[in-house]
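According to this note's numbering, the sequence shown holds residues 199 to 447 in order.
Hints listed in this document are in silico derivations from the structure and should not be mistaken for laboratory results.
Treat the hints loosely; a few may be bogus.
Ranges between beta-carbon positions, derived for each pair [as the list claims (entries may be wrong)]: (1) Thr375 x Gly318: 44 to 52 Å; (2) Arg400 x Pro257: 52 to 60 Å; (3) Gly237 x Phe272: 49 to 57 Å.
Even for Gly, the Cβ is constructed at its ideal location relative to N, Cα and C.
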Amino acid sequence: MIFCPAPTWAGIQYYQLTEALPPSTQLFATIVPYNHVYGAAEGCSSSTTFTTIDCPPAPAVIDTGFCEGEAFHFMHTVFEEPGAYPFPFTDAQGCDSTITLQLAAWPVYSLTLDTALQAGTPYQGVVYEQDTSFIQHYASAQGCDSTVAVNINILVNAESRPAKPAPALRLFPNPATEVLHLELDGFPAGLARLSIRSSTGRLVRRESLSLPGGKARHRINLAGWPPGVYFVAVQAGENIQSRRLVKLQ
Numbered sequence: 199m200i201f202c203p204a205p206t207w208a209g210i211q212y213y214q215l216t217e218a219l220p221p222s223t224q225l226f227a228t229i230v231p232y233n234h235v236y237g238a239a240e241g242c243s244s245s246t247t248f249t250t251i252d253c254p255p256a257p258a259v260i261d262t263g264f265c266e267g268e269a270f271h272f273m274h275t276v277f278e279e280p281g282a283y284p285f286p287f288t289d290a291q292g293c294d295s296t297i298t299l300q301l302a303a304w305p306v307y308s309l310t311l312d313t314a315l316q317a318g319t320p321y322q323g324v325v326y327e328q329d330t331s332f333i334q335h336y337a338s339a340q341g342c343d344s345t346v347a348v349n350i351n352i353l354v355n356a357e358s359r360p361a362k363p364a365p366a367l368r369l370f371p372n373p374a375t376e377v378l379h380l381e382l383d384g385f386p387a388g389l390a391r392l393s394i395r396s397s398t399g400r401l402v403r404r405e406s407l408s409l410p411g412g413k414a415r416h417r418i419n420l421a422g423w424p425p426g427v428y429f430v431a432v433q434a435g436e437n438i439q440s441r442r443l444v445k446l447q
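Take these sequences, add in the hints, and give me the full structure.
Shown next, in the form of structure tokens:
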């Protein structure tokens, strides 16, 4: 009779291999009971066989992007810059591989459209009796919001000359880092409203301006502002001007 000594441990035991096994190979494993009193019990050994799986490299690429001035969330990580970002992962078979996140920054556009119309001529189905300015919002194919500032001048005589030039808003420097200067030209004297929104539409600044008429300048401190795309708008009465600002680090 063969006496199998009792092991000195109980429960499930694990053994971690120190090097990788060859793929797609049949392997044999033998376990021999052993303790410090009786030693090895050769007749009580247990053998098994298994085949390792084949783990060829199977990298995957996710090609996507985000709108300028926003951020992209992936695998509990926030990305604010375009680039290629690798992520290791293990598939259902236990094979190690890599996911590469190929991230692009999709542009956000801002356009100013100045047009002159004879009195009674419709613009997009609407007839305007006086000079008018307004802002239209559009979404690109990637879903990024873009803006078009429309300035309509109504012509008042047969010579097709505008009654008065449309107000102008200029930003400099643009792109900007620490300080932004606004130059306002042709806005009527009195109070005007200044608003600055992020590319997502969030209001980040609002203030009232007292304009003398003619030309005026205004200074804004951008220190501490996150880099990205912003939209600066000035409204005085029915006159609205909007410009796109790029804030750098």
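(message) Hints numbered earlier in the text: which of these fail when held up against the supplied structure?
(response) 2
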